[in-house]
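This is what each chain is made of:
Protein chains: 2
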Amino acid sequence: MTEYHYNPLLAGAQPQPLLIVISGPSGVGKDSVLMRMRKLGLPFHFVVTATSRARRPGELDGYDYHFVSEERFREMIANEELLEWAEVYGQYKGIPRFEIREAMASGRDVVLRINVDGAATIKALAPEAIFIFLAPGSPEELRRRLMLRRTEDPAALERRLEVAADEMARLELFDYVVLNREDQLDEAVNQIHSIMIAEKQRVFPRQVAL
Amino acid sequence: MTEYHYNPLLAGAQPQPLLIVISGPSGVGKDSVLMRMRKLGLPFHFVVTATSRARRPGELDGYDYHFVSEERFREMIANEELLEWAEVYGQYKGIPRFEIREAMASGRDVVLRINVDGAATIKALAPEAIFIFLAPGSPEELRRRLMLRRTEDPAALERRLEVAADEMARLELFDYVVLNREDQLDEAVNQIHSIMIAEKQRVFPRQVAL
Numbered sequence: 001m002t003e004y005h006y007n008p009l010l011a012g013a014q015p016q017p018l019l020i021v022i023s024g025p026s027g028v029g030k031d032s033v034l035m036r037m038r039k040l041g042l043p044f045h046f047v048v049t050a051t052s053r054a055r056r057p058g059e060l061d062g063y064d065y066h067f068v069s070e071e072r073f074r075e076m077i078a079n080e081e082l083l084e085w086a087e088v089y090g091q092y093k094g095i096p097r098f099e100i101r102e103a104m105a106s107g108r109d110v111v112l113r114i115n116v117d118g119a120a121t122i123k124a125l126a127p128e129a130i131f132i133f134l135a136p137g138s139p140e141e142l143r144r145r146l147m148l149r150r151t152e153d154p155a156a157l158e159r160r161l162e163v164a165a166d167e168m169a170r171l172e173l174f175d176y177v178v179l180n181r182e183d184q185l186d187e188a189v190n191q192i193h194s195i196m197i198a199e200k201q202r203v204f205p206r207q208v209a210l
Numbered sequence: 001m002t003e004y005h006y007n008p009l010l011a012g013a014q015p016q017p018l019l020i021v022i023s024g025p026s027g028v029g030k031d032s033v034l035m036r037m038r039k040l041g042l043p044f045h046f047v048v049t050a051t052s053r054a055r056r057p058g059e060l061d062g063y064d065y066h067f068v069s070e071e072r073f074r075e076m077i078a079n080e081e082l083l084e085w086a087e088v089y090g091q092y093k094g095i096p097r098f099e100i101r102e103a104m105a106s107g108r109d110v111v112l113r114i115n116v117d118g119a120a121t122i123k124a125l126a127p128e129a130i131f132i133f134l135a136p137g138s139p140e141e142l143r144r145r146l147m148l149r150r151t152e153d154p155a156a157l158e159r160r161l162e163v164a165a166d167e168m169a170r171l172e173l174f175d176y177v178v179l180n181r182e183d184q185l186d187e188a189v190n191q192i193h194s195i196m197i198a199e200k201q202r203v204f205p206r207q208v209a210l
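Taken in sequence, the protein lines are chains A and B. Each step along the first sequence adds one to the number in full-length UniProt numbering, with nothing skipped, and position 19 is 19. Each step along the second sequence adds one to the number in full-length UniProt numbering, with nothing skipped, and position 98 is 98.
Take these hints with a grain of salt, some might be off.
One copy or two, either will do: identical chains are not told apart, so a pair holds if it fits within one copy or between any two.
Stated by the list, open to error - For lysine-lysine, the following DSBU-like pairs were computed, each having C-alpha atoms within a straight-line distance of at most 30 Å:
#	residue 1	residue 2
1	K39	K200
2	K123	K39
3	K30	K200
4	K200	K123
5	K30	K123
It should be emphasised that the hints constitute simulated quantities derived from the structure, not laboratory data.
Isolated chain A, as found in the complex (with noise of 0.2 Å):
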């Protein structure tokens, strides 16, 4: 029987990794989903934004994000260091150069977390990239997500809420799109595992340069 290299699930040769962005709404739950997927120990290598924001309780430099001053952020972007990066509600986010470096070098699926700005970045940089967008249950259900946020002030909250109705409108940037609802968590763990696991059977599988 003929050999069919181009398919590397055919040849007996391990699939191509998989850059695999997750993006959504302020507020829709990315962290959380992102922390749920580490712990159950999904097989992929995230991507540690840098940030200017200020450390919540139980977040970890260098794992959750590279917290830094806003005098070092401005710094590597002067330096170029960094891929992408905005600022947003007067902080700074941005992927660093080197952490996309050390990802494409382990050999394992990448997962990238960022706002929908930045997804559309990062579209234009790598199309064959999988954009997954990560939706709230109801309106209802992001307001009060962002209302438990202590570290908003009702300003911020508003600015918020109304971005998010932006961003809900760019969802055609997307290939998929799943909800976090409200105590589901699990449910959106899986179906972004079980897309993880699709993609990686397609018969033209999609190969990121980055």
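Following the hints, put chain B in place on chain A, whose structure we already have.
Leaving out everything else, chain B in the frame of chain A:
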């Protein structure tokens, strides 16, 4: 926040049922995979094919296949009772139209098992279906599986191996490839289940009209 009715998930509705076509070379184990999927109680409607081939031990009429005589099969062809049919190795197989009507009326995802020629026909009729190619772990595994079938005579075995080689070359018709490795049936079933979950999360659902 605006409502996004173009995506059923965000509008709080059930996603559209999928049509999943499971194909692959003769002997790869399509029947075993389907049997396991049905035993696990995965939520889908299975399209029961009509065939003129002899019932194998353990197979149930109306569940595994509709077992009919050659005469009755030719009558079904003449009456246009079949969506698609083929004569392969002197045996008829076909998809009764009433099965498709029942499947669509069920509101559940529909799974259809068919040989590679048949999958090509379904693709012309319903390009929005999801096409999964079940492949053997290796060419040697396929040969072993075909030899183990007591129903095969040596000439039939050689014919099937030749046809299987041609069928393997038609992988590009399909969306996904799943390896059905020896003693790893559950992994194949899990991957198919993941594909079904992932496809229901598409931002732009693949809606079939049949």
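Each hint, compared with the structure:
1. Proximity of K39 and K200 under a CA criterion of 30 Å is satisfied in both settings, with 22 Å inside one chain copy and 25 Å between copies.
2. In the homo-oligomer, the alpha carbons of K123 and K39 lie at most 30 Å apart inside one protomer (27 Å), although the nearest pairing across protomers, at 41 Å, exceeds that limit.
3. In this assembly of identical chains, the alpha carbons of K30 and K200 lie at most 30 Å apart whether taken from the same copy (23 Å) or from different copies (20 Å).
4. For the homomeric pair K200 and K123, the shortest alpha-carbon distances inside one copy (19 Å) and between copies (22 Å) are both at most 30 Å.
5. Only within a single protomer do K30 and K123 lie at most 30 Å apart by alpha-carbon distance; the minimum there is 18 Å, versus 37 Å between protomers.
Checked against the numbered hints listed earlier, the structure breaks none of them; every hint is satisfied.
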